[in-house]
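Asker: Just so you know, the protein sequences line up as chains A and B, in that order.
Residue 9 in numbering that gives the first Met the number 0 is what sits at position 10 of the first sequence, and the numbering runs on without skipping anything.
Residue 142 in numbering that gives the first Met the number 0 is what sits at position 143 of the second sequence, and the numbering runs on without skipping anything.
Simulated from the structure, these hints should not be mistaken for laboratory data.
No residue lacks a Cβ here, since even glycine has one placed at the ideal position from N, Cα and C.
Watch out, some of these pointers could steer you wrong.
Residues on chain B that point at chain A, a partial pick, calculated with CB under 7 Å [claimed, not checked]:
{"hint": "1", "residue": "A104"}
{"hint": "2", "residue": "P107"}
{"hint": "3", "residue": "K110"}
{"hint": "4", "residue": "S171"}
{"hint": "5", "residue": "T216"}
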Amino acid sequence: MSSFLGSSIGKKLIMSVTGLFLIMFLLVHLFLNLLTLVGSDVFNTAAHFMGTNPIMKVMEFALAAGFLFHMVYALYLTIVNQNARPVKYAVANKSKATSWASKNMLITGGVVLIFLVLHLMNYYYKIKFTDLIESGEMTEYDLVVGLFQPENWYYVVIYIGWFILLGLHLNHAFQSAFQTLGLNNKTWERRLIVIGNIYALVISIGFSIIPIYFFINSLM
Amino acid sequence: MDLKLKIWKQKNPKDKGRFETYNIANISPDCSFLEMIDILNEQLINEGKEPVAFDHDCREGICGMCSLYINGRPHGPDDDITTCQLHMRKFKHGDTITIEPWRAAAFPVVKDLIIERNAFDKILQAGGFVSVNTGGVQDANAILIPHDTAEEAMDAASCIGCGACVAACKNSSAMLFVAAKVSQLAVLPQGKIEAAARVKNMISKMDELGFGGCTNTGACEAECPKSISISHIARMNREFLCANIQD
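So here's chain B without its partners, still in its complex pose (with noise of 0.2 Å):
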């Protein structure tokens, strides 16, 4: 198939950056979204121009590398999946596709399509994790979790941190990130212990960043590669309730 090609391209993060447009001919509808623009990179070198950037690493949709805000939504028109994922029999000959980084204070571009998604890791480090004392390595089954409950949490774990909560947000709100974190953690007895201090620490941080608040549009659900539910960010703002009423 033949398509025409929009794409963002900005030289660096002071750049003003504007849209390009690319023609590209005889694409497999096999392929996927990341080895079509593969394929356009391959023709500018052949021409001598400079290929787009972009973020890709595993292209097998568990790393959250890949971002991409295609024809209007993170990862493309396509549900459940990251852009790596995406094949251009999704699309029909002829059509054009605009290509957008993900847009966000706190995700600044650094070139074309990629964006900086520092922020995330900085949440984590403001409270997403369990501290671990040293020691002997316990019984795997000295402390029992109710299935329902590691299944809960085993849900939240499967936030790879993409972004497409933050980009598909009309807000630019980090909340459905967040609140994956601070839940897989919450429900699980070993998380329990610190739960009160972490999800104070997170939501300061996330304010700090810059990402803007959550007015439960659900956009975050619906864009999410993992179809992580809006659920957990309730238990969020329960979790940060009453660790503040408890103070």
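Chain A extracted, bound-state conformation (with noise of 0.2 Å):
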């Protein structure tokens, strides 16, 4: 099993199955999110559940590992195949037969994490290591609302600037992620595509609603 998975196909698939998780993390994150959008009551039970429910309290460790995982080991891999090249061509391949998405998946990965640091400031910090909840003051709808608000007009730009870059991220992600399973064909690489740009679009556009909507709301 250890020679299965320190071979370059081994390694491929870690990146594959823990990417694959975090494509379902952010399909159940979204759709908690898009809540916000029906109520507060709502929401405020949804999140609510989420932080203390026992089996989400297990499964945020494994999210945790399941981003340490994926972020360290693409790092790792990246320097193991510049390795394999150590003179560089002088001439750059500007062919359009691969997507820019597909050949800069370490910095768009990259750039997503910065701004994730910056999330879990905004939100978890808030509500799992300040009272803000428990004493009443606040509730998870009121941080959502309140970050983007008009004067903090900045907070809208760079979460959707976030999720254009996540995007283009899980537009290669997606059918990479199947492709290195083995699970794809001639048959399939068209669909799989199609169905990767389809995610990649609900999940940027459908997280972009949510500082949109809070905006253009406290404007009106």
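Using the supplied hints, reconstruct the complex from the two chains, each of which is provided in its own coordinate frame.
Answerer: Here it is in structure tokens:
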């Protein structure tokens, strides 16, 4: 087994499986976020459930581990892959056959990670490590609305930019994960690309709706 | 047409190497790219200079010997061809053409534009074959193979082992080459018997030789002179996964 996971395909497999786990997480996260559009009570109940349910507490660790594995391994594999070409080409390949996203996964992933830290500071830290919620001073819903007020317009810009980059990352990630698992062939190649594009758009646009909605709402 | 050529010159594997610029005049658009280098070399020999060393053999696109990374593309600015099939009509009068060898740790430069592609032979020796036991010749139709399967195997078998996939890949990965060889045998009944051991041995040899990993960009498929599909890489991944689960 160790020789399997240590092989080039085994290493790809780790990226693929952790990636698919994060892909599923994003769908759950998006679903919960969209509840803010339904109403504050619904969202607060859902957020409270996610924060206190024992299964979710276990999943929180699994999620953190999945993120860490995916990132650390990506960095390690990129270094290994760079070493496979010690002397670089003088003229870079300008072929349009490969997408920009597919060749810059480390960059899009890295930037997404940087903003993830900001995102955790905005919400996770405030909910878990301060008594804002417990004291009843604010609800989870208030935190969401509060961040996207007109005086915080730059947060709206940052978050939307973040979702666009995430979308680019996912655009290649989705089909790539299935290709690595061997779940691809000539017929499914095109289908997976289309499904991956739809998924990336749903995530990008779906998450972007929330800051835009609350920003416009507060202006009116 | 008149052209300016920036060509990689390197005395031996240990030399650091550098680009040298040559001017060449009156090249016919109907001339092949390798003939153009032949003309340059003749000119250099007449001037008492050392000619440019490059790989070539059949010059009809089937041996996989010619390499050359031309203006940022393996086998130059045309699709589905080898360098010997590239014609000078793809360039314009006054163009500067940069010619580099394939770049990969597993493909060290021997001299100028010639690279060592023994790594591919070593991968094939690790399992890219069907063990044939001695005995009488079998009837040609004793084992029936569906037409689609035969076509799939033939598409994979069209790999000429030129190494353009490695040259094009940003990770210098040999996955498309290995996948073509694994695939061509794994889909046929004769090759299926040894499929599990074959894929494991070939992958472990590939890793040992210092090729990079695959990040599914599809650059290999785009530059492959025989348009071998990356769906073969998916099959290889599947074969490798199944072979390891069976253990």
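Asker: Look at each hint and say if it fits the structure.
Answerer: We went through each hint and held it up to the structure:
1. A104: 5 Å, holds
2. P107: Since the shortest Cβ distance to chain A is 10 Å, the answer is violated.
3. K110: Hint on K110 of chain B: violated, closest Cβ of chain A at ~15 Å, above 7 Å.
4. S171: Holds - the Cβ of S171 of chain B comes within 7 Å of chain A, reaching about 4 Å at its closest.
5. T216: 4 Å, holds
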